[in-house]
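Work the whole structure out from these sequences, hints included.
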Amino acid sequence: MSRKNILRFLAVLVSGLCLYLFTTHDAFLYQQPVGQIVQVSEGTSQKTTDEFENHDQTHQQKLTVLIKNGHFKGKKVKVKNTWSNSGALDQKFHLRQQVFLDLSHKTGQPTGEISGFKRDTYLVLLVWLVVALLFLTMKMTGLKTLLSVTLNFVIFLIFVNLDVQLNLTHFFWLFALSAVLFTALSLVLVIGFNRQCLVTFGAIFSGTVVALGIGVLVLNYGGDDLHYEALDFATQAPKQLFLSATVIGLLGAVMDAATDIVSTVFEIKRENPQVGQKQLFKSGMEVGRSILGPLINVLLLIFFAETFAMAVLFFRTGNSISYTFEWTMSLGIVQSLISGIGIALVVPAASCLAALVLKGEKTDASH
Amino acid sequence: MQVISILTLILAVLMLLIGGKRGLVAFTSVLLNCGLLFLTITLIAAGFPPLWTTLFSGICLLALTIYMGTTDDKVANIAFGATLCVMFLMLLLIIPVDHLVQIKGFANEQSEEIEAFNLLIGVNFEQLAISTAILSTLGAIAEAAIAIASGLAEVVEQDPLIKREDLYQSGRNIGFQIMGMTFNTLFFGMFGGNLALFILLNKLQNNFSYYLNSKIFVSECLLVLYSAVAVILVILVTTWLVVRQVSRKQFR
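Taken in order, these protein sequences are the chains called A and B. Numbering-wise (my numbering), the first sequence opens with residue 1 and increments by one. Numbering-wise (my numbering), the second sequence opens with residue 1001 and increments by one.
It is worth saying that the hints were derived from the structure and are not from the lab. Glycine is no exception: its CB is placed at the ideal position from the N, C-alpha and C atoms. Some hints could be false.
What the hints assert, rightly or not - Listed next, the in silico PhoX-like pairs over lysine-lysine satisfying Cα-Cα at most 25 angstroms (straight line): (1) B:LYS1203 to A:LYS282; (2) A:LYS359 to A:LYS278; (3) A:LYS92 to A:LYS106; (4) A:LYS73 to A:LYS47; (5) A:LYS139 to B:LYS1163; (6) A:LYS278 to B:LYS1021; (7) A:LYS92 to A:LYS75; (8) A:LYS239 to B:LYS1203; (9) A:LYS4 to B:LYS1163.
Stated by the list, open to error - Okay, the calculated bits of chain A under chain B, using three or more residues with CB under 8 angstroms as the criterion: (10) 226 to 232; (11) 264 to 275.
Here's what the structure looks like:
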């Protein structure tokens, strides 16, 4: 390793250490009371068995928490905690962990309970790890890839905020518009604004629209056995919400496929201008064929893995396989399927568009 | 079930029309993966230890996705080796971090959905959270590993006597190209999938400190960040494996 690299590595390490020290001592930035657990005494345990023969155990803890900010800074408060072996909604506390508190005071002496666990240190450190890895392996160019994701995230939040502010009846179109913006922005950042970018955009747009059209047709006329109300956290019309989530969810994978195909076709044309239209189309399809399966699997795994906790809870509480499937997994599967159709459709769309556009160039060059 | 059957049929026909025999193989791999995931959930619910079950099905998933996703055996072998390596590295990262950050189980925002359930069901929700994190990274690293391995195989084919440093550089170039798009796939897949959650959080008018500390938001962010780390690692490991193989051949 060269001296420059060692210095770079040290700088990254020191920045991580600074972030760690800062986020473990940032209680003064919070409005809510933050405390650190300074003493733990374990209490009694109790075994439980429910009607489905699930065995579990709950435990009592008595904690002494040192308040680190606000009016009661430096004072200690005693709180109780109950935790279970499974830990679906609770957790065991250990010495030196930091927590948020709900405090009340009657006679000058604070009393209260734990309202949440302080997680900011770990979130910040993991962001740091990603940035550090990108910087160490790819230098500045690595950080550029983060720019696109960060910009998209900001736009995403703006649109979510718009949706809440405007409270439209047909809010699906708002998110459809956001999808168009995401696509345009990402493509310009990755490819640059040129003909290749326009072709890719056209392919993505047509592929996604047709896939969604198919999806809506099937959802509307293919029977009404889908439980949109099973959608987690739904606060608006669940069917529109589901479609909006599907559009945004499939966008990344469709973009991935389209850019791969279009850039390969353009590259072939650049290296060998004599190649015919048919051959270009075939090459595009060949690229598409090889990425089709892995890309659909990426989305399937993402959508499926998120249902794990809920599905296990359903199974363990005496629900049948078909009921559990319907209420926890079916929406994720439908989302994966519509995304898969989108990815499949973008392959011929991208190959065809790229071949068509490049045909015009050939006649130009021959003049 | 009718909607799902119709959509599955449409997808199967499309993949067959577009990809021919390879399309059919790809469709089968998606179907098998789906079955495998469902089996994993039922096994865990039946009392098998979540972590070991996930490890086992994870290896099967990777093998299915990679060996059915590419026709070149050499590329597949390298991609499989690299993804296995990265899966174990990710376990070393995810197990301690998930324990420290305590994002297991359900969040307060979900209390409405789960209030009908007795939550003391004797399943280790921390291990379940680790399973979710591991599985959601696997698709992305399999795709990235195949892309890098086949890209580098082409580079080596064109210049079999390529120098180590040049090959590393090519790996970095190809890696950089696919990384941007893979990040996009993950980002849109995860945040798009959680649109309803983001709308809810926005409606609750929570402040910045809430986002940095709430179980649900932190756990969704961690999923994206884990995947990002895994993709970067898989680029490095795949390139390293290709270089090792090529330099061994050149030495002979």
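Here is how each hint holds up against the structure:
no.: 1; hint: B:LYS1203 to A:LYS282; in the structure: violated, 49 angstroms
no.: 2; hint: A:LYS359 to A:LYS278; in the structure: holds, 10 angstroms
no.: 3; hint: A:LYS92 to A:LYS106; in the structure: violated, 28 angstroms
no.: 4; hint: A:LYS73 to A:LYS47; in the structure: violated, 38 angstroms
no.: 5; hint: A:LYS139 to B:LYS1163; in the structure: holds, 22 angstroms
no.: 6; hint: A:LYS278 to B:LYS1021; in the structure: holds, 20 angstroms
no.: 7; hint: A:LYS92 to A:LYS75; in the structure: holds, 23 angstroms
no.: 8; hint: A:LYS239 to B:LYS1203; in the structure: holds, 19 angstroms
no.: 9; hint: A:LYS4 to B:LYS1163; in the structure: holds, 23 angstroms
no.: 10; hint: 226 to 232; in the structure: holds (count 3)
no.: 11; hint: 264 to 275; in the structure: violated (count 0)
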